[in-house]
Amino acid sequence: MPGMQDRRKLINGVIFILLTVLACTMIYPFAWMISVSLERTANLAMPFPPRLIPGDFSWFNYRLVFENNALLQAYWNSIVIAVFSVTFSVGSALLGGYAFSRGDFKGKRLLFFTVLATMMIPFETRLIPMFTMFNDLGMINTKYPLILPSFVNALGLVLTKQYFDQLPEGLRESAKMDGAGEFKTFFYIFIPLTGPITATLAILSFQDSWNSFIWPLVVINDQDLKTVPLFLSSFSAENGSRLAGVTMALATMSILPLLLVFLFFQKYIIRSVALSGLKGE
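Residue numbers (full-length UniProt numbering): 1 to 281.
Note that these hints are calculated values from the structure, not bench results. Some clues are possibly wrong.
[As the list claims (entries may be wrong)] Okay, the calculated beta carbon distance ranges per label pair:
| hint | residue 1 | residue 2 | range |
| --- | --- | --- | --- |
| 1 | S233 | E169 | 43 to 53 Å |
| 2 | K108 | Q223 | 39 to 49 Å |
| 3 | D224 | I17 | 43 to 53 Å |
| 4 | D208 | S174 | 28 to 38 Å |
| 5 | E173 | L260 | 34 to 44 Å |
| 6 | V14 | Q73 | 45 to 55 Å |
[To be verified] Cut-off 27 Å, straight-line C-alpha distance, at most; resulting in silico cross-link-like pairs (DSSO-like, lysine-lysine):
| hint | residue 1 | residue 2 |
| --- | --- | --- |
| 7 | K184 | K108 |
| 8 | K184 | K106 |
| 9 | K108 | K9 |
| 10 | K108 | K161 |
Quick caveat, the model's predicted, so the values are computed rather than measured. Note that the Cβ used here is the ideal one computed from N, Cα and C, for glycine as well.
Work out the full structure: start from the sequences and follow the hints.
Rendered as C-alpha coordinates:
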(Lines of atoms letter the chains of each structure in order from A; the text may use other names.)
(Lines give C-alpha, C1' and ligand atoms only; values in the text may rest on other atoms or scores of the structure.)
Protein backbone atom coordinates (compact mmCIF):
# COMPACT_ATOMS: atom_id res chain seq x y z
CA MET A 1 0.00 0.00 0.00
CA PRO A 2 1.29 3.52 -0.86
CA GLY A 3 0.60 4.85 2.65
CA MET A 4 2.51 2.00 4.30
CA GLN A 5 5.47 2.44 1.94
CA ASP A 6 5.62 6.19 2.61
CA ARG A 7 5.56 5.57 6.33
CA ARG A 8 8.34 3.00 6.03
CA LYS A 9 10.46 5.41 3.98
CA LEU A 10 9.89 8.12 6.60
CA ILE A 11 10.93 5.81 9.44
CA ASN A 12 14.02 4.67 7.52
CA GLY A 13 14.91 8.30 6.81
CA VAL A 14 14.61 9.26 10.48
CA ILE A 15 16.72 6.25 11.52
CA PHE A 16 19.35 7.16 8.93
CA ILE A 17 19.54 10.75 10.19
CA LEU A 18 19.84 9.64 13.83
CA LEU A 19 22.58 7.13 12.98
CA THR A 20 24.42 9.77 10.96
CA VAL A 21 24.29 12.24 13.86
CA LEU A 22 25.47 9.55 16.28
CA ALA A 23 28.32 8.55 13.95
CA CYS A 24 29.43 12.17 13.56
CA THR A 25 29.33 12.63 17.34
CA MET A 26 31.61 9.64 17.84
CA ILE A 27 33.97 10.55 14.99
CA TYR A 28 34.34 14.24 15.92
CA PRO A 29 36.83 13.74 18.82
CA PHE A 30 39.11 11.69 16.57
CA ALA A 31 38.85 14.23 13.76
CA TRP A 32 39.66 17.02 16.22
CA MET A 33 42.65 15.05 17.52
CA ILE A 34 44.04 14.72 13.99
CA SER A 35 43.39 18.40 13.32
CA VAL A 36 45.34 19.49 16.41
CA SER A 37 48.19 17.14 15.53
CA LEU A 38 48.48 18.85 12.11
CA GLU A 39 48.58 22.38 13.58
CA ARG A 40 52.08 23.57 14.35
CA THR A 41 51.06 26.38 16.70
CA ALA A 42 49.11 23.89 18.86
CA ASN A 43 52.29 23.32 20.89
CA LEU A 44 52.13 26.93 22.03
CA ALA A 45 48.40 27.09 22.80
CA MET A 46 45.54 24.65 22.34
CA PRO A 47 43.31 25.87 19.46
CA PHE A 48 40.03 27.24 20.80
CA PRO A 49 37.29 26.91 19.88
CA PRO A 50 37.93 23.38 18.54
CA ARG A 51 38.08 23.24 14.75
CA LEU A 52 38.39 20.42 12.25
CA ILE A 53 40.56 22.32 9.76
CA PRO A 54 44.04 23.20 11.06
CA GLY A 55 44.78 26.92 11.09
CA ASP A 56 48.52 26.45 10.45
CA PHE A 57 48.81 23.12 8.62
CA SER A 58 52.15 21.39 9.12
CA TRP A 59 53.69 17.90 9.48
CA PHE A 60 56.07 19.32 12.09
CA ASN A 61 54.55 17.38 15.00
CA TYR A 62 54.75 14.07 13.15
CA ARG A 63 58.38 14.70 12.22
CA LEU A 64 59.12 15.18 15.91
CA VAL A 65 57.29 11.95 16.69
CA PHE A 66 59.22 9.88 14.16
CA GLU A 67 62.52 11.40 15.21
CA ASN A 68 61.88 10.24 18.77
CA ASN A 69 63.75 6.95 19.20
CA ALA A 70 61.93 6.29 22.47
CA LEU A 71 58.59 6.19 20.66
CA LEU A 72 59.95 3.83 18.00
CA GLN A 73 61.23 1.57 20.77
CA ALA A 74 57.81 1.70 22.48
CA TYR A 75 56.17 0.78 19.16
CA TRP A 76 58.49 -2.17 18.74
CA ASN A 77 57.80 -3.36 22.30
CA SER A 78 54.03 -3.12 21.80
CA ILE A 79 54.19 -4.93 18.45
CA VAL A 80 56.28 -7.81 19.82
CA ILE A 81 54.02 -8.20 22.85
CA ALA A 82 50.85 -7.96 20.75
CA VAL A 83 52.01 -10.53 18.17
CA PHE A 84 52.91 -13.12 20.80
CA SER A 85 49.80 -12.36 22.84
CA VAL A 86 47.49 -12.76 19.83
CA THR A 87 49.20 -16.01 18.79
CA PHE A 88 49.01 -17.60 22.22
CA SER A 89 45.54 -16.26 23.01
CA VAL A 90 43.92 -17.41 19.75
CA GLY A 91 45.74 -20.74 19.75
CA SER A 92 44.80 -21.65 23.33
CA ALA A 93 41.21 -20.48 22.80
CA LEU A 94 40.76 -22.66 19.71
CA LEU A 95 42.25 -25.72 21.41
CA GLY A 96 40.23 -25.21 24.59
CA GLY A 97 37.02 -24.39 22.74
CA TYR A 98 37.29 -27.54 20.65
CA ALA A 99 37.96 -29.65 23.75
CA PHE A 100 34.91 -28.27 25.56
CA SER A 101 32.72 -28.57 22.46
CA ARG A 102 33.70 -32.01 21.12
CA GLY A 103 35.60 -33.56 24.00
CA ASP A 104 34.15 -36.08 26.44
CA PHE A 105 35.98 -36.04 29.74
CA LYS A 106 35.06 -36.13 33.40
CA GLY A 107 34.23 -32.79 34.99
CA LYS A 108 33.85 -30.95 31.68
CA ARG A 109 30.77 -28.98 32.70
CA LEU A 110 32.23 -28.04 36.10
CA LEU A 111 35.48 -26.90 34.51
CA PHE A 112 33.61 -24.88 31.88
CA PHE A 113 31.48 -23.14 34.51
CA THR A 114 34.67 -22.42 36.47
CA VAL A 115 36.10 -20.71 33.40
CA LEU A 116 32.89 -18.71 33.07
CA ALA A 117 33.13 -17.68 36.72
CA THR A 118 36.63 -16.25 36.22
CA MET A 119 35.17 -13.73 33.78
CA MET A 120 33.26 -12.12 36.66
CA ILE A 121 36.41 -11.51 38.74
CA PRO A 122 37.71 -7.93 38.29
CA PHE A 123 41.29 -7.66 37.08
CA GLU A 124 42.21 -5.40 40.00
CA THR A 125 41.59 -8.27 42.44
CA ARG A 126 44.04 -10.46 40.52
CA LEU A 127 46.70 -7.81 40.07
CA ILE A 128 48.54 -8.32 43.40
CA PRO A 129 48.63 -12.16 43.22
CA MET A 130 49.83 -11.98 39.61
CA PHE A 131 52.52 -9.46 40.52
CA THR A 132 53.65 -11.61 43.44
CA MET A 133 53.83 -14.72 41.25
CA PHE A 134 55.86 -13.07 38.48
CA ASN A 135 58.08 -11.36 41.07
CA ASP A 136 58.88 -14.73 42.65
CA LEU A 137 59.72 -16.06 39.19
CA GLY A 138 62.09 -13.14 38.58
CA MET A 139 60.13 -11.90 35.56
CA ILE A 140 59.32 -8.37 36.70
CA ASN A 141 60.61 -5.71 34.31
CA THR A 142 60.55 -8.13 31.36
CA LYS A 143 58.11 -8.79 28.53
CA TYR A 144 57.06 -12.17 29.95
CA PRO A 145 54.38 -10.86 32.38
CA LEU A 146 52.75 -9.05 29.46
CA ILE A 147 52.68 -12.16 27.22
CA LEU A 148 52.18 -15.22 29.41
CA PRO A 149 48.72 -14.24 30.83
CA SER A 150 47.36 -14.35 27.26
CA PHE A 151 47.51 -18.16 27.42
CA VAL A 152 44.32 -18.02 29.50
CA ASN A 153 41.55 -16.34 27.52
CA ALA A 154 38.21 -17.13 29.13
CA LEU A 155 36.14 -15.02 26.73
CA GLY A 156 37.89 -16.49 23.71
CA LEU A 157 37.37 -20.01 25.03
CA VAL A 158 33.65 -19.42 25.48
CA LEU A 159 33.30 -17.88 22.02
CA THR A 160 35.17 -20.70 20.29
CA LYS A 161 33.22 -23.32 22.22
CA GLN A 162 29.95 -21.82 21.00
CA TYR A 163 31.32 -21.59 17.46
CA PHE A 164 32.40 -25.24 17.39
CA ASP A 165 28.99 -26.24 18.75
CA GLN A 166 27.39 -24.80 15.61
CA LEU A 167 29.53 -26.83 13.20
CA PRO A 168 28.00 -30.11 11.94
CA GLU A 169 28.97 -33.18 13.96
CA GLY A 170 29.05 -35.09 10.67
CA LEU A 171 32.41 -33.51 9.87
CA ARG A 172 34.02 -35.18 12.87
CA GLU A 173 32.31 -38.49 12.23
CA SER A 174 33.43 -38.51 8.59
CA ALA A 175 37.00 -37.80 9.66
CA LYS A 176 36.88 -40.69 12.14
CA MET A 177 35.60 -43.04 9.44
CA ASP A 178 38.62 -42.06 7.34
CA GLY A 179 40.92 -42.94 10.24
CA ALA A 180 41.78 -39.43 11.38
CA GLY A 181 42.57 -38.86 15.04
CA GLU A 182 41.40 -35.94 17.15
CA PHE A 183 44.38 -33.71 16.42
CA LYS A 184 44.25 -34.41 12.70
CA THR A 185 40.51 -33.76 12.68
CA PHE A 186 41.01 -30.52 14.58
CA PHE A 187 43.83 -29.15 12.41
CA TYR A 188 42.68 -30.34 8.99
CA ILE A 189 38.87 -30.32 9.28
CA PHE A 190 37.83 -27.74 11.86
CA ILE A 191 40.65 -25.15 11.80
CA PRO A 192 40.05 -24.20 8.12
CA LEU A 193 36.44 -23.39 9.07
CA THR A 194 37.31 -21.10 11.97
CA GLY A 195 38.18 -18.00 9.93
CA PRO A 196 35.44 -15.74 11.34
CA ILE A 197 35.97 -16.60 15.00
CA THR A 198 39.77 -16.53 14.61
CA ALA A 199 39.63 -13.05 13.09
CA THR A 200 37.28 -11.86 15.85
CA LEU A 201 39.55 -13.23 18.58
CA ALA A 202 42.61 -11.71 16.90
CA ILE A 203 40.99 -8.26 16.87
CA LEU A 204 39.93 -8.50 20.52
CA SER A 205 43.26 -9.89 21.67
CA PHE A 206 45.30 -7.31 19.74
CA GLN A 207 43.14 -4.48 21.07
CA ASP A 208 43.46 -5.74 24.64
CA SER A 209 47.23 -6.12 24.37
CA TRP A 210 47.88 -2.84 22.58
CA ASN A 211 45.68 -0.75 24.90
CA SER A 212 46.79 -2.41 28.14
CA PHE A 213 47.98 0.20 30.63
CA ILE A 214 47.48 -0.78 34.30
CA TRP A 215 49.30 -4.12 34.16
CA PRO A 216 52.34 -2.86 32.18
CA LEU A 217 52.51 0.15 34.52
CA VAL A 218 52.86 -2.24 37.47
CA VAL A 219 55.43 -4.67 36.04
CA ILE A 220 57.52 -2.41 33.75
CA ASN A 221 59.98 0.16 35.08
CA ASP A 222 62.69 0.13 32.42
CA GLN A 223 62.37 2.96 29.90
CA ASP A 224 63.47 0.64 27.06
CA LEU A 225 60.58 -1.75 27.78
CA LYS A 226 57.76 0.80 27.83
CA THR A 227 54.78 0.15 25.60
CA VAL A 228 52.98 2.81 23.55
CA PRO A 229 50.32 3.62 26.23
CA LEU A 230 53.02 3.94 28.91
CA PHE A 231 55.14 6.16 26.70
CA LEU A 232 52.15 8.32 25.77
CA SER A 233 51.16 8.78 29.43
CA SER A 234 54.67 9.82 30.48
CA PHE A 235 55.53 11.98 27.47
CA SER A 236 56.27 15.64 28.17
CA ALA A 237 58.60 18.40 27.08
CA GLU A 238 61.98 18.97 28.73
CA ASN A 239 60.44 21.46 31.13
CA GLY A 240 57.72 18.96 32.09
CA SER A 241 54.91 20.68 30.17
CA ARG A 242 52.58 18.99 27.69
CA LEU A 243 52.88 19.89 24.01
CA ALA A 244 49.35 19.59 22.64
CA GLY A 245 50.33 19.17 19.00
CA VAL A 246 52.97 16.50 19.62
CA THR A 247 50.76 14.72 22.16
CA MET A 248 47.89 14.54 19.67
CA ALA A 249 50.28 13.28 17.00
CA LEU A 250 51.42 10.56 19.39
CA ALA A 251 47.81 9.66 20.17
CA THR A 252 47.00 9.48 16.46
CA MET A 253 49.93 7.18 15.80
CA SER A 254 48.96 5.02 18.77
CA ILE A 255 45.51 4.18 17.37
CA LEU A 256 46.70 3.65 13.79
CA PRO A 257 47.74 -0.02 14.29
CA LEU A 258 44.37 -0.80 15.86
CA LEU A 259 42.57 0.76 12.92
CA LEU A 260 44.65 -1.13 10.37
CA VAL A 261 44.20 -4.48 12.13
CA PHE A 262 40.45 -3.99 12.41
CA LEU A 263 40.06 -3.00 8.75
CA PHE A 264 42.16 -5.96 7.60
CA PHE A 265 40.35 -8.58 9.67
CA GLN A 266 36.94 -7.06 8.98
CA LYS A 267 37.33 -7.93 5.31
CA TYR A 268 38.57 -11.38 6.26
CA ILE A 269 35.53 -12.01 8.46
CA ILE A 270 33.11 -11.05 5.68
CA ARG A 271 34.95 -13.21 3.16
CA SER A 272 35.11 -16.18 5.54
CA VAL A 273 31.39 -16.03 6.32
CA ALA A 274 30.53 -15.76 2.63
CA LEU A 275 32.73 -18.69 1.62
CA SER A 276 32.01 -21.07 4.49
CA GLY A 277 28.37 -21.71 3.57
CA LEU A 278 27.83 -23.69 6.76
CA LYS A 279 24.61 -23.98 8.70
CA GLY A 280 24.43 -24.55 12.41
CA GLU A 281 22.69 -27.86 12.23
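E173 paired with L260, Cβ distance criterion 34 to 44 Å: holds (41 Å)
Range hint compliance [Cβ, K108 to Q223, 39 to 49 Å]: holds (47 Å)
C-beta pair S233, E169: status relative to the range 43 to 53 Å that was hinted: holds (50 Å)
Outcome of range test on Cβ distance (V14, Q73; 45 to 55 Å): holds (51 Å)
Holds or violated: K184 to K108, with C-alpha atoms at most 27 Å apart: holds (22 Å)
CB-CB spacing for I17 and D224 relative to the 43 to 53 Å hint: holds (51 Å)
Pair hint outcome, K108 versus K161 [Cα-Cα no greater than 27 Å]: It holds: about 12 Å lies between the C-alpha atoms, which stays within 27 Å.
27 Å limit on alpha-carbon distance, applied to hinted pair K184 and K106: Measuring from Cα to Cα gives roughly 23 Å; hence the hint holds.
Assessment of proposed distance window 28 to 38 Å (beta carbons of D208, S174): holds (37 Å)
Distance restraint between K108 and K9, which requires alpha-carbon spacing of 27 Å or less: violated (51 Å)
Checked against the numbered hints given earlier, this structure breaks only hint 9.
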